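Top to bottom, those sequences are chains F and S.
Each residue of the first sequence is one higher than the one before, counting from 31 in the numbering used here.
Each residue of the second sequence is one higher than the one before, counting from 229 in the numbering used here.
Mixed in with the good hints there might be a few duds.
[Said to hold, decoys possible] Within a straight-line C-alpha distance of at most 25 Å, the following computed SDA-like cross-link-like pairs (lysine to any residue) qualify: (1) F:K215 x S:H606; (2) F:K229 x F:V259; (3) S:K283 x S:I502; (4) S:K521 x F:V119; (5) F:K135 x S:E239; (6) F:K118 x S:R527; (7) F:K147 x F:E165; (8) F:K125 x F:P240; (9) F:K269 x S:A342; (10) F:K118 x F:F143; (11) F:K147 x S:K283; (12) F:K38 x S:A342; (13) S:K634 x S:D395; (14) F:K153 x S:T592.
[As the list claims (entries may be wrong)] Every beta carbon over 10 Å from chain F, so not counted as near; a handful from chain S, in silico: (15) K238; (16) I340; (17) F503; (18) F611.
Source of the hints: derived by calculation from the structure; they are not laboratory data.
For clarity, every value in this text was computed on a predicted model and none was experimentally measured.
The beta carbon of each residue, even a glycine, is placed where N, CA and C say it ideally should be.
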Amino acid sequence: MNRRDFLKYSAKGIAGLTLPLSTIEIVSPGEIFADKGSGTRWVFLVDTYKCTGCGLCVKACKLENEVPYEANVTRTWVERYVLTKDGKVWADTPKGARDGFITNKIDLGEGRFQDIKNEDIQKAFFVPKLCNQCEYPPCVQVCPVGATYQAADGVVLVDRNWCIGCGYCIMACPYGVRFFHPVYKVAEKCNFCYHRINKGLKTACVQACPFGARMIGNIRDPEDPVSKVIRNGRVGVIKDEFGTMPQVYYIGLSREVV
Amino acid sequence: MAHGEIWTLKEFFVTPNEYIYWSIQIVMYPFMTGVVAGAFVLSSLYHVFGIRQLKEIARFALVFSLALLPVAMMPLQMHLQQPMRGVEIFITPHFTSAIAAFGIVFTVYFAIVASEIWFVYRKFIVETALSLRQKTDRTMAEGFWHLTYSALTLGSYDISEKALHQDERAVKILATIGIPVACFLHGYAGFIFGSVKANALWMTPLMPVIFIMSAIVSGIALTMLTYIVVMEIRGFIAARKRTAYDVFQSTDDIRGIETNVIRITSKYLLFFLIFAISLELLDLIFRGYTALKTWDILRRVIYGKDFFDIFILQYGIGNLVPFILFVIPGLTIRRAVAGVILVLFGVFMMRWNVVIGGQSFSLTYAGFMHYIMPIIPHDMETFKEGLFGALLVMVTPFVLFWGLNKVFPAFREI
Numbered sequence: 031m032n033r034r035d036f037l038k039y040s041a042k043g044i045a046g047l048t049l050p051l052s053t054i055e056i057v058s059p060g061e062i063f064a065d066k067g068s069g070t071r072w073v074f075l076v077d078t079y080k081c082t083g084c085g086l087c088v089k090a091c092k093l094e095n096e097v098p099y100e101a102n103v104t105r106t107w108v109e110r111y112v113l114t115k116d117g118k119v120w121a122d123t124p125k126g127a128r129d130g131f132i133t134n135k136i137d138l139g140e141g142r143f144q145d146i147k148n149e150d151i152q153k154a155f156f157v158p159k160l161c162n163q164c165e166y167p168p169c170v171q172v173c174p175v176g177a178t179y180q181a182a183d184g185v186v187l188v189d190r191n192w193c194i195g196c197g198y199c200i201m202a203c204p205y206g207v208r209f210f211h212p213v214y215k216v217a218e219k220c221n222f223c224y225h226r227i228n229k230g231l232k233t234a235c236v237q238a239c240p241f242g243a244r245m246i247g248n249i250r251d252p253e254d255p256v257s258k259v260i261r262n263g264r265v266g267v268i269k270d271e272f273g274t275m276p277q278v279y280y281i282g283l284s285r286e287v288v
Numbered sequence: 229m230a231h232g233e234i235w236t237l238k239e240f241f242v243t244p245n246e247y248i249y250w251s252i253q254i255v256m257y258p259f260m261t262g263v264v265a266g267a268f269v270l271s272s273l274y275h276v277f278g279i280r281q282l283k284e285i286a287r288f289a290l291v292f293s294l295a296l297l298p299v300a301m302m303p304l305q306m307h308l309q310q311p312m313r314g315v316e317i318f319i320t321p322h323f324t325s326a327i328a329a330f331g332i333v334f335t336v337y338f339a340i341v342a343s344e345i346w347f348v349y350r351k352f353i354v355e356t357a358l359s360l361r362q363k364t365d366r367t368m369a370e371g372f373w374h375l376t377y378s379a380l381t382l383g384s385y386d387i388s389e390k391a392l393h394q395d396e397r398a399v400k401i402l403a404t405i406g407i408p409v410a411c412f413l414h415g416y417a418g419f420i421f422g423s424v425k426a427n428a429l430w431m432t433p434l435m436p437v438i439f440i441m442s443a444i445v446s447g448i449a450l451t452m453l454t455y456i457v458v459m460e461i462r463g464f465i466a467a468r469k470r471t472a473y474d475v476f477q478s479t480d481d482i483r484g485i486e487t488n489v490i491r492i493t494s495k496y497l498l499f500f501l502i503f504a505i506s507l508e509l510l511d512l513i514f515r516g517y518t519a520l521k522t523w524d525i526l527r528r529v530i531y532g533k534d535f536f537d538i539f540i541l542q543y544g545i546g547n548l549v550p551f552i553l554f555v556i557p558g559l560t561i562r563r564a565v566a567g568v569i570l571v572l573f574g575v576f577m578m579r580w581n582v583v584i585g586g587q588s589f590s591l592t593y594a595g596f597m598h599y600i601m602p603i604i605p606h607d608m609e610t611f612k613e614g615l616f617g618a619l620l621v622m623v624t625p626f627v628l629f630w631g632l633n634k635v636f637p638a639f640r641e642i
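Take the sequences, apply the hints, and build the full model.
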């Protein structure tokens, strides 16, 4: 066989092989979910007026989702905002508020604290944070191997067996909800306690909140109480300028909140 | 301990999961790919645009870029939390991700560089294989080289005038395709950062262009530096032996060629350096002028926290000083060495200020993070993402080049 023939046969062989390959359909995990005909779109509602910063939600989340208790990462956290009469904004979230806010001192990091007198405070409030399960999740967009994906019910999930741990999704999230799981060494995030909501249970944080500041619901169900509030009430979302369409809604959002 | 916690210091309001996740290896990644792309572009200047003065350095730059190629991948691999799964980028690329393009671009680029080298060296390969074949009493080493070169001919022994002419054409075509691919290889590294909308410092469409320009600058600089070092070693050997070394007759001979090559190459270096700095300054001015919501925190990072890194180390020592060194007429080798080392340092600092600087402020726009690079490693993680991991990445291309140079002599007349 001369070289010309060799090249000819190779080309024919490859062309012949491609034909049967093209009949195999590539199925994405999203499609499989969609096949179930999901009439659910999970959303979250936070009533910041009701939050007292007790941190029980954070504690419950860590225990439920096996995020090591002492590790300084968490799927959900609570932020404290304190506005003083001189117009300054102070904010902190020591250990993600796992142990609640037990002192008036604002944590400035690196072991420094700012003492604020009660009479200097103009207003103060707490804002719980968790994954926004965005309609257009940038974390899913940037994953180089497709290890993170959006289910048809809107929840963004991570495949722990496929994540390579490059950290691109962590960089892409405008809300800082992602981190590396200290044990599994892969990207980790809040998934609305996917294992619970699929069984008809509430998420761990909703269950643990003594004041009803956290609620989860299905926006596609017009009878759902959460859905009703979002449709009829006045709610806000965080950082909508990124075009991600976040699906965690807040009652009583203040302009200081980032 | 959470990943990143060991080298991150948090100040003011930072959310719990924020750390410096992309550390020194991600600084090394664009730095090394940049050098690869730059070295290739330099060699193409000769092959495509026929800049004959660059002939001497072009072949070396080509072989060197092959030695650098695997190293562009190394820092990525080292920074992965699951390094064994890195191959998934090739198996299940998710094409909405900029990183997923890596597999394709990298493979194409590798194919182009490897085949270009093959065409450039084909005459040499065939001649060596044939001359070794004629030898009847081959030593073990000669037997090995005979096998290697015979395999490298890929069965094509035709070195007639016509065949060689075709080789030249092939080189020219490959080098021409190679330029956009090299730019793409590096431009997409810039895109990886520039497209992160969550990061106020990274997000700019200028990022890929800035990356390409500084890539070419660093590629030319490292090629010049290695060229000088190799020529100096040759001169030293020639002087010590007091005889001709290889094709060079004397130390003066070597010196003459060396100075000439360096003077011409430095002009191209200057050209790209000016372009790179202009783009970077444009980006900075534009951010200040438009002053979006995020400018407040960026300003505090650029003019405050990172002032020394950006304006003293990067722009001052890394750009301005070498600029002056190259502009003063009568460039000497010694001045060129100082210049290119500073240029390389400047480009490294630019990568540092982008990668680390981009993570030095919180998503809250009200807090800062400081990166403390691990020096003495005490476990795998602090080794990989510390000083020694970075040094390993820096040293590897030279080791690879040493090996490659034995097969494809980069300096000898062929």
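Going down the list of hints, with the structure as the test:
no.: 1; hint: F:K215 x S:H606; verdict: holds (18 Å)
no.: 2; hint: F:K229 x F:V259; verdict: holds (24 Å)
no.: 3; hint: S:K283 x S:I502; verdict: holds (24 Å)
no.: 4; hint: S:K521 x F:V119; verdict: holds (16 Å)
no.: 5; hint: F:K135 x S:E239; verdict: holds (15 Å)
no.: 6; hint: F:K118 x S:R527; verdict: holds (19 Å)
no.: 7; hint: F:K147 x F:E165; verdict: violated (42 Å)
no.: 8; hint: F:K125 x F:P240; verdict: holds (20 Å)
no.: 9; hint: F:K269 x S:A342; verdict: violated (47 Å)
no.: 10; hint: F:K118 x F:F143; verdict: holds (15 Å)
no.: 11; hint: F:K147 x S:K283; verdict: violated (74 Å)
no.: 12; hint: F:K38 x S:A342; verdict: holds (23 Å)
no.: 13; hint: S:K634 x S:D395; verdict: holds (22 Å)
no.: 14; hint: F:K153 x S:T592; verdict: holds (19 Å)
no.: 15; hint: K238; verdict: violated (4 Å)
no.: 16; hint: I340; verdict: holds (19 Å)
no.: 17; hint: F503; verdict: holds (28 Å)
no.: 18; hint: F611; verdict: holds (16 Å)
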